[in-house]
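*Asks:* Sequence:
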Amino acid sequence: LAAHLTGAAAAQREQAGLPLTVNSQQIYERILAPARRGLGETGWARAVAAGRNLPWQEAIRMARGLQVS
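Per this note's numbering, the very first residue in the sequence shown carries number 2; after that it's consecutive.
It should be emphasised that the hints constitute simulated quantities derived from the structure, not laboratory data. We put the beta carbon where it would ideally sit given N, CA and C, even for glycine. Don't take every hint at face value.
Quick list of the computed label-pair ranges, beta carbon to beta carbon [said to hold, decoys possible]:
1. A50 / P20: 24 to 32 Å
2. Q16 / M63: 12 to 20 Å
3. G18 / G39: 25 to 33 Å
4. R62 / A11: 13 to 21 Å
5. G66 / V23: 28 to 36 Å
6. A51 / Y29: 16 to 24 Å
7. A11 / G66: 17 to 25 Å
8. E15 / R47: 14 to 22 Å
9. N54 / L33: 16 to 24 Å
10. G18 / G41: 29 to 37 Å
11. L33 / W57: 18 to 26 Å
12. A64 / P35: 12 to 20 Å
The task is simple: from the sequences and hints, build the whole structure.
*Replies:* Quick look at the structure:
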């Protein structure tokens, strides 16, 4: 899910011409490191690519379904 949403968000930022700042990129990488390790580099890349193709409304629906504790 993290990789799918990462891909969806990246696609939206690119479309809007709003890249992550260096500081934001570092924070992003630190937060996502456990998911990336869990999937492995190939699995992560595939899941991010799939997320890039998600319709934006679907990505929002997925994100809203997250339970944050």
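*Asks:* Next, verify each hint and record whether it holds.
*Replies:* Do the hints match the structure? See the list:
1. Distance hint check for A50 and P20: the Cβ-Cβ separation is about 18 Å, which falls outside the suggested range of 24 to 32 Å.
2. For the pair Q16 and M63, the supplied restraint of 12 to 20 Å holds, since their beta-carbon distance comes to about 18 Å.
3. The hint said 25 to 33 Å for the Cβ distance between G18 and G39, and at roughly 31 Å that hint holds.
4. Taken as a hint, the range 13 to 21 Å holds for the pair R62 and A11, whose Cβ atoms sit roughly 18 Å apart.
5. Checked against the given bound of 28 to 36 Å, the beta carbons of G66 and V23, roughly 31 Å apart, stay inside it.
6. Remark: the range hint 16 to 24 Å for A51 to Y29 is upheld by a beta-carbon distance near 18 Å.
7. A hinted range of 17 to 25 Å holds for the C-beta pair A11 and G66, which are about 20 Å apart.
8. Checked against the hint of 14 to 22 Å, the pair E15 and R47 passes, with Cβ atoms roughly 19 Å apart.
9. Between N54 and L33, the C-beta spacing of about 19 Å keeps the proposed range 16 to 24 Å intact.
10. Between G18 and G41 the CB atoms are about 31 Å apart, so this pair conforms to the stated range of 29 to 37 Å.
11. Between L33 and W57, the C-beta spacing of about 20 Å keeps the proposed range 18 to 26 Å intact.
12. Checked against the hint of 12 to 20 Å, the pair A64 and P35 passes, with Cβ atoms roughly 18 Å apart.
Hint 1 from the earlier list is the only one contradicted by this structure; the remaining hints agree with it.
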